[in-house]
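We have chain A already, so just place chain B on it with the hints.
Next come the chains, spelled out residue by residue.
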Amino acid sequence: KAGVTQTPRYLIKTRGQQVTLSCSPISGHRSVSWYQQTPGQGLQFLFEYFSETQRNKGNFPGRFSGRQFSNSRSEMNVSTLELGDSALYLCASSRSRGTADTQYFGPGTRLTVL
Amino acid sequence: ELKVEQNPLFLSMQEGKNYTIYCNYSTTSDRLYWYRQDPGKSLESLFVLLSNGAVKQEGRLMASLDTKARLSTLHITAAVHDLSATYFCAVDYAGGTSYGKLTFGQGTILTVHP
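Chains A and B, in that order, give the protein sequences. Taken in order, the first sequence gives residues 1 to 114; the numbers are from the numbering used here. Taken in order, the second sequence gives residues 1001 to 1114; the numbers are from the numbering used here.
Looking at chain B on its own, in the form it has when it is part of the complex:
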């Protein structure tokens, strides 16, 4: 059974600081996603990582994927209050029959303080 674990689950940051969220998954996967969820809202797609060594950046967020270590990171640079949200990683195990079935991590609740 595919398992996805994130850490930390809670992250309180000061504005201007850097931090990293980690996402480990248990079996080979073709795709890893990062999503953002604001309170009471739906999931917003941030990044899709498709291959080993993939790195994507958008603003203050950068995501990377190491398929050998089964590890993805979401790095936050110079955090601002607007980044406060819950961040989820999700894996789509492409075992031939599992397209369309995302397995999510527990989510990391990020709070950025002034």
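The following block holds chain A by itself, in its conformation from the complex:
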């Protein structure tokens, strides 16, 4: 069974630009969550989508947005990039939203903002 895939794996942008990251969950998984990992703040939750609806949102500014498609694939968008947005962005999928559903993580997209 294929794991969670994320594209692109690496990205270099400049301040003020915008970026879109993509996540394909494990086949049959319907919940997708996004996390930001930085050396200073650690792993922080961005948002979660289930059945094309955002179900949870973390404490990030409105520049961070996402969506989920009918095939459960998800994208996140960051507009007006800042230097502090440089991070590893991880996507995780789970079968559903039940108690026993583990989140499986993708390889991540490493974003560098210059």
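Since no wrong hints were added, every one of them can be taken at face value.
Cβ pair distances, simulated, as ranges:
id: 1; chain 1: B; residue 1: G1053; chain 2: A; residue 2: N71; range: 36 to 42 Å
id: 2; chain 1: A; residue 1: T102; chain 2: B; residue 2: T1111; range: 25 to 31 Å
id: 3; chain 1: B; residue 1: S1026; chain 2: A; residue 2: S22; range: 30 to 36 Å
Rather than coming from a laboratory, the hints here were simulated on the basis of the structure. It should be emphasised that the depicted structure is a prediction, and the values quoted were computed from it without experimental measurement. In this text, a Cβ means the ideal position worked out from N, Cα and C, and glycines have one as well.
Using the frame of chain A, we list chain B on its own:
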């Protein structure tokens, strides 16, 4: 606000020795996860603990959960170099609306020396 704290944050062990990583969390939770992260890699799921007294073992790693104390432990037995990695605990606060939102500890960087 749910807080998750791990200790120690850095752990240098000799091969063959035993040690324990502790994970405390601040509010009631239905699920506690342990993940492993190798440098530059994504998160690998190790254990999911769902109930008080739960104990799971895989190879040289054993995880347990005490929901009354809001404490989980990850015990390492007879450490080997291959266990060198960063270990994270994470809690999924099931407060009715928080499925899919993991709150992570700071991570414990484990280095096993010959």
